[in-house]
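Colleague: From just these sequences and the hints, can you work out the full model?
Here's the letter readout for the chains.
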Amino acid sequence: MTDRRRLLGMAVPFIAVVGSMIAGLLLIALSGKDVPDAIEAFMDGAVGSAFAIGASINRAVALSLVGLGFILAFRANLTNVGGEGQIAVGGIAATALGLWPPIASLPLGLAVIIPLLGGTVAGAFWGGIAGFMKVRFGTNEVISTLLLGFVALLAVYWCVQSTALLRQPQTSSATLPESLPIGDAAKLPSLTGNSESPLHIGLVICLLLAVATAIVLQRSTFGLRLRAIGLNELAARRAGMPGGILLVVALAMAGAFGGLAGAIMLQGEQYYLKTGFSSGYGFDGLVVGLLSRGSTVGVLAGALFFGFLRSGGISMEIMAQVPAALTLVIQGLIVIAVAGSVIVVEKLQGAR
Amino acid sequence: MSADPLLSLKNLGKRFGSLQALEGVSLDVRLGSVQCLLGENGAGKSTLCNLIFGVYEPSQGDMTFDGAAWAPESPAVALEKGIAMVHQHFSLVPRMTVVENLMLGQVKGVLKRHEFGARIRDIAESFGFTLDPDSVVNELSVGERQRAEIVKCLMRDPKLLVLDEPTAVLPPGEIGALLDICRRVADSGRAVILVTHKLAEIAKVADRVAVLRTGRLVADESMAEADMGALVHAMVGRELRPLDVALAESDEDVAAPEAPRGFALVCDGLTVHDRHGAVRLDNFTLEIRPGEIVGLAGVEGNGQSELGMVLAGLLRPTEGHFYIGGSDLTHAGAAAVTAAGGGIVPEDRHAVACVTAMSVAENMFLNKLDRFTRFGLLQRSALSAAAEKQMKAFDVRAAGPEVAFSGLSGGNQQKAVLARELTLDPLVALVAAQPTRGLDVSAVEAVYRQIRAAARRGVGVLLISSELDELLAVADRVAVLYRGRLVGERPAEMSERGAIGALMSGQIVSGQVA
Numbered sequence: 001m002t003d004r005r006r007l008l009g010m011a012v013p014f015i016a017v018v019g020s021m022i023a024g025l026l027l028i029a030l031s032g033k034d035v036p037d038a039i040e041a042f043m044d045g046a047v048g049s050a051f052a053i054g055a056s057i058n059r060a061v062a063l064s065l066v067g068l069g070f071i072l073a074f075r076a077n078l079t080n081v082g083g084e085g086q087i088a089v090g091g092i093a094a095t096a097l098g099l100w101p102p103i104a105s106l107p108l109g110l111a112v113i114i115p116l117l118g119g120t121v122a123g124a125f126w127g128g129i130a131g132f133m134k135v136r137f138g139t140n141e142v143i144s145t146l147l148l149g150f151v152a153l154l155a156v157y158w159c160v161q162s163t164a165l166l167r168q169p170q171t172s173s174a175t176l177p178e179s180l181p182i183g184d185a186a187k188l189p190s191l192t193g194n195s196e197s198p199l200h201i202g203l204v205i206c207l208l209l210a211v212a213t214a215i216v217l218q219r220s221t222f223g224l225r226l227r228a229i230g231l232n233e234l235a236a237r238r239a240g241m242p243g244g245i246l247l248v249v250a251l252a253m254a255g256a257f258g259g260l261a262g263a264i265m266l267q268g269e270q271y272y273l274k275t276g277f278s279s280g281y282g283f284d285g286l287v288v289g290l291l292s293r294g295s296t297v298g299v300l301a302g303a304l305f306f307g308f309l310r311s312g313g314i315s316m317e318i319m320a321q322v323p324a325a326l327t328l329v330i331q332g333l334i335v336i337a338v339a340g341s342v343i344v345v346e347k348l349q350g351a352r
Numbered sequence: 001m002s003a004d005p006l007l008s009l010k011n012l013g014k015r016f017g018s019l020q021a022l023e024g025v026s027l028d029v030r031l032g033s034v035q036c037l038l039g040e041n042g043a044g045k046s047t048l049c050n051l052i053f054g055v056y057e058p059s060q061g062d063m064t065f066d067g068a069a070w071a072p073e074s075p076a077v078a079l080e081k082g083i084a085m086v087h088q089h090f091s092l093v094p095r096m097t098v099v100e101n102l103m104l105g106q107v108k109g110v111l112k113r114h115e116f117g118a119r120i121r122d123i124a125e126s127f128g129f130t131l132d133p134d135s136v137v138n139e140l141s142v143g144e145r146q147r148a149e150i151v152k153c154l155m156r157d158p159k160l161l162v163l164d165e166p167t168a169v170l171p172p173g174e175i176g177a178l179l180d181i182c183r184r185v186a187d188s189g190r191a192v193i194l195v196t197h198k199l200a201e202i203a204k205v206a207d208r209v210a211v212l213r214t215g216r217l218v219a220d221e222s223m224a225e226a227d228m229g230a231l232v233h234a235m236v237g238r239e240l241r242p243l244d245v246a247l248a249e250s251d252e253d254v255a256a257p258e259a260p261r262g263f264a265l266v267c268d269g270l271t272v273h274d275r276h277g278a279v280r281l282d283n284f285t286l287e288i289r290p291g292e293i294v295g296l297a298g299v300e301g302n303g304q305s306e307l308g309m310v311l312a313g314l315l316r317p318t319e320g321h322f323y324i325g326g327s328d329l330t331h332a333g334a335a336a337v338t339a340a341g342g343g344i345v346p347e348d349r350h351a352v353a354c355v356t357a358m359s360v361a362e363n364m365f366l367n368k369l370d371r372f373t374r375f376g377l378l379q380r381s382a383l384s385a386a387a388e389k390q391m392k393a394f395d396v397r398a399a400g401p402e403v404a405f406s407g408l409s410g411g412n413q414q415k416a417v418l419a420r421e422l423t424l425d426p427l428v429a430l431v432a433a434q435p436t437r438g439l440d441v442s443a444v445e446a447v448y449r450q451i452r453a454a455a456r457r458g459v460g461v462l463l464i465s466s467e468l469d470e471l472l473a474v475a476d477r478v479a480v481l482y483r484g485r486l487v488g489e490r491p492a493e494m495s496e497r498g499a500i501g502a503l504m505s506g507q508i509v510s511g512q513v514a
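Protein sequence lines correspond, in order, to chains A and B. 218 is the number that the numbering used here gives to position 218 of the first sequence; each next residue is one higher, with no gaps. 105 is the number that the numbering used here gives to position 105 of the second sequence; each next residue is one higher, with no gaps.
Among the hints, erroneous ones may be present.
What the hints assert, rightly or not - What follows is a set of in silico ranges between Cβ atoms, one per label pair, in the way DEER data are often shown:
(1) A:I143 <-> B:A224: 54 to 60 Å
(2) B:D134 <-> A:G294: 45 to 51 Å
(3) B:P491 <-> A:G138: 44 to 50 Å
(4) B:A335 <-> A:G183: 45 to 51 Å
Keep in mind the hints are simulated off the structure, nothing from the lab. Each residue gets a CB set at the ideal place from its N, CA and C atoms; glycine is no exception.
Modeller: Here you go:
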C-alpha cells in the first residue's frame with residue numbers, strides 16, 4: 001500500500017508534466033511552426049552540447065539559490081517575492097566591488113570572494129528592509145518585497161546610465177549603457193577546466209548551501225524557532241523568542257540568497273552589469289521555492305528542471321523561431337500541472 | 001403582558017456530536033419586554049440564539065413564534081418572518097458609508113441614497129439616538145457601528161430583536177446608551193433578547209432574566225423578584241463535587257511557608273487602555289507573598305485577559321509597573337518574565353501557550369530550547385528523553401513525546417503547559433489564567449494539586465478564574481475585578497460567597513457607583 005502510494009506520488013506529477021509538454025507542442029503546431037524542428041532546437045539548447053549543459057546548470061544554480069532563500073523565509077510563514085530585486089542589488093554590489101582596483105588585485109581568491117560576499121550582504125540588506133517594515137509598521141512582506149524589487153531594478157538602470165556610478169566611460173554616442181566588464185581576477189573559476197563548458201564553481205557553492213539550508217531547517221534550533229514563529233507568533237513570543245528579530249533575520253536570509261545569486265550570475269557568466277540583468281530569475285526562483293513545498297531536494301530538482309527548460313526555450317526561440325511568449329505559456333502550463341498534481345495526489349491518497 | 005408569548009421554546013435541545021450544548025430549555029418571550037439571557041462562556045447562550053435565528057436546527061423540542069410553529073430553515077427566513085439578530089462580530093464593510101452598508105442586500109436596481117439616508121435618520125431618532133448615514137464605517141466608534149447594525153435590523157421592522165453579547169465589545173461609557181435603545185425597542189411593541197455575561201447591566205433594562213449553565217436553564221424569573229446574589233450563584237455556582245473534597249484535604253503535613261522574604265509578585269497601578277482609548281484595566285494594584293495563592297474573581301471580560309497579557313510580557317501597560325521577585329519587568333518582555341521566574345499559564349491555550357502543530361516535546365520545552373542546543377543544532381534525543389521524563393512526572397498522557405500537541409486532550413495539553421511553567425528555575429511566581437477551562441474533573445484536580453504544591457514550595461500564585469467555587473477551594477484570599485478595577489478583597493471562605501458575588505456583579509463598587 002505504501003508502495004502504491006509512492007508510485008502514485010511520482011506517477012501523477014510525471015504524467016502531468018508530460019501532458020503539459022504535449023499540450024505545449026500542440027500550441028507550437030497551432031502557431032504554424034514545425035514541431036520536430038522545435039523539439040530539436042529545444043534539446044539542442046538544453047542538453048545538446050557541453051556548453052548547453054553547463055549553461056543550463058548555471059541557470060539552475062541561480063534558481064536554486066533564490067528558491068532556497070524562499071523556503072527559509074517561508075518556514076517563518078513569510079513569502080519573499082522580491083528575489084528579482086535581491087538579485088539586482090547583489091549584481092550591483094558585485095559589479096562595484098569587482099571593478100574596484102584595490103580589490104581586483106587582492107590575492108588568494110579574495111578578488112572573487114569579496115564581490116560574492118558584497119552581493120550577499122546587499123541582498124540581505126534589501127530583504128532586511130522588508131523584514132524591518134513588517135515588524136515595525138506591519139507592512140505585508142509580499143507587498144514590500146515586490147515593490148522593493150522594482151526599486152532595485154530601477155537602481156540597476158540608474159547605475160548603468162550614470163558614468164558617475166557604474167556606466168563605462170562614454171567614448172562615443174554609441175557607447176552602450178552598461179558597466180565595464182569585471183576583471184579576470186573577479187570571475188568565478190571554471191569547474192571543469194574545459195573552456196567549452198561555462199560551468200563554474202557556483203554549482204559547488206550552491207550545493208554546500210543547500211546542505212546547510214537542509215540542516216538549518218531540519219536540525220537546528222533556529223529552524224525550529226522559525227517554524228514556531230510561523231505557526232503561532234504569539235505563542236513563540238510568549239516562549240521568549242525574539243519575534244521581531246527572527247522575522248527580520250528570516251527575510252534578510254532570503255535576501256542574502258538572492259543577492260548571492262545575483263553576484264554569481266554576474267561573476268560567473270555575464271561579467272558586466274546591464275539593464276534587465278536579473279531577467280526573471282527572481283520570479284522563476286520563487287516558483288521553484290513554491291513548488292518544492294519546503295524541501296531542499298525539491299528546490300534543487302525544480303531548479304534543474306527550470307534551468308534546462310529555460311535553456312531549451314531560448315534555443316527554441318532563436319533556432320526554430322517559436323515566439324518567446326509561447327515558451328512562457330508552456331512554462332506556465334507546466335507550473336500549473338505540477339502544482340495541480342500535488343493536489344490530485346493528496347486527494348487520491350486521502351481517499352484510500 | 002398576559003397574552004400569548006411571542007416566542008415560546010419547549011424542551012429545546014441541541015447536540016453537536018457527543019457534546020450536549022443545550023438540553024431541555026423552555027422559555028417564553030413576550031412582546032414589549034426585554035428578556036435577558038445570562039450565562040458564562042460555553043453555557044449555551046449563542047447556541048440558543050442560533051436555534052431561534054435558524055442557523056442551527058434543534059435536536060429536540062419545539063418552538064412557536066407569533067402563534068405558529070417555528071422552524072426556520074435559514075437566517076434569511078427568520079429575518080423575513082420577523083426575527084433580526086445583531087451578532088457579536090459586526091458585518092459591516094469598513095470602507096463604505098453607513099447608508100451604503102445598509103442598502104446592501106435591501107435595495108435592488110437604482111440606489112436612492114438620500115431617501116434611504118433619511119429613513120436611517122428617522123429610525124435612529126425614533127429610538128432616541130443619532131446616526132449619520134454618510135459617515136464611513138471604519139471612522140465610527142464601536143458603539144456607533146453597533147447602532148448601525150441595530151438600525152439595519154430595525155429597518156426590517158422585526159417583532160423580535162436578538163442581541164448576542166452586545167456589551168462585550170463596548171467601553172463602559174457606551175453601555176448605558178445601548179441599554180436605553182434596548183428599552184425603547186421593547187417599548188415600541190417588540191420583544192428583545194439580550195445576551196450577556198455581565199450582571200450589573202441587566203438590572204437596568206431587563207424585564208425577565210433567564211440563566212443558562214452548561215446548556216440547561218437554571219433560573220427564569222422576573223427581574224423585579226430576582227436576587228443578584230442568587231443569579232451569580234445560578235450562573236457560576238456548582239454542586240459540591242469530588243474536586244472540592246480533594247482540595248479541602250488538609251496539607252498540614254507540610255511545613256508552613258517560611259517567613260515572607262519580600263513579595264513574589266507585585267502589581268503597582270497597572271492600567272491598560274485599548275486601541276480606542278477605552279480603559280480595560282484601571283489602576284490595578286496587588287501584592288502576593290511567596291507561598292500565597294491569591295484568587296482573582298470576576299465575570300469574564302472585566303480586565304482579566306488584559307492583566308494576563310501584561311503579566312505574560314506580551315502587552316505593555318499604559319501606566320503602572322509589575323515586579324516579579326523584586327525586578328521590574330513592566331517593559332522587559334516575555335523572555336525576561338521567564339528568566340525572572342514568572343511562570344505563565346495563559347488564558348487562551350491555543351493562541352498563546354502552545355504551537356499545536358509542533359510536537360509535545362517541542363512544546364514542553366519551547367522556552368528552554370537553548371538547553372538542548374549544541375553548536376546551533378537541536379539535540380532531539382535529549383529533548384525527547386527530557387520530555388518523556390516530565391510527561392511522567394506531570395502525568396501528561398500521550399502516545400509519546402514526538403506526537404503532535406494538537407492530538408492531546410485539553411487536560412493533557414494544560415498539564416504539559418503547567419509542567420513547562422512549573423519547572424522554571426528559579427520559579428518565583430505563577431500566574432494561571434482560567435487554568436481549568438474546558439477540562440474534566442480529574443484534570444481540574446490535577447491542575448490544582450500542582451498549583452498548590454508549587455505554593456507550598458514558596459511560589460506566589462495569582463489564580464485568575466471565573467469559577468468562584470474553585471477559587472474559594474484553592475486560594476488563600478480572593479480579590480475581585482470589576483470593569484478593570486479591583487473592587488474588593490475577601491478571605492477565601494464559603495461564607496464570603498455572597499459578598500464576593502455582590503462584588504463580581506458590580507453592586508458594590510468602592511468609590512464609584514456601578
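Colleague: Failing hints, ascending?
Modeller: none
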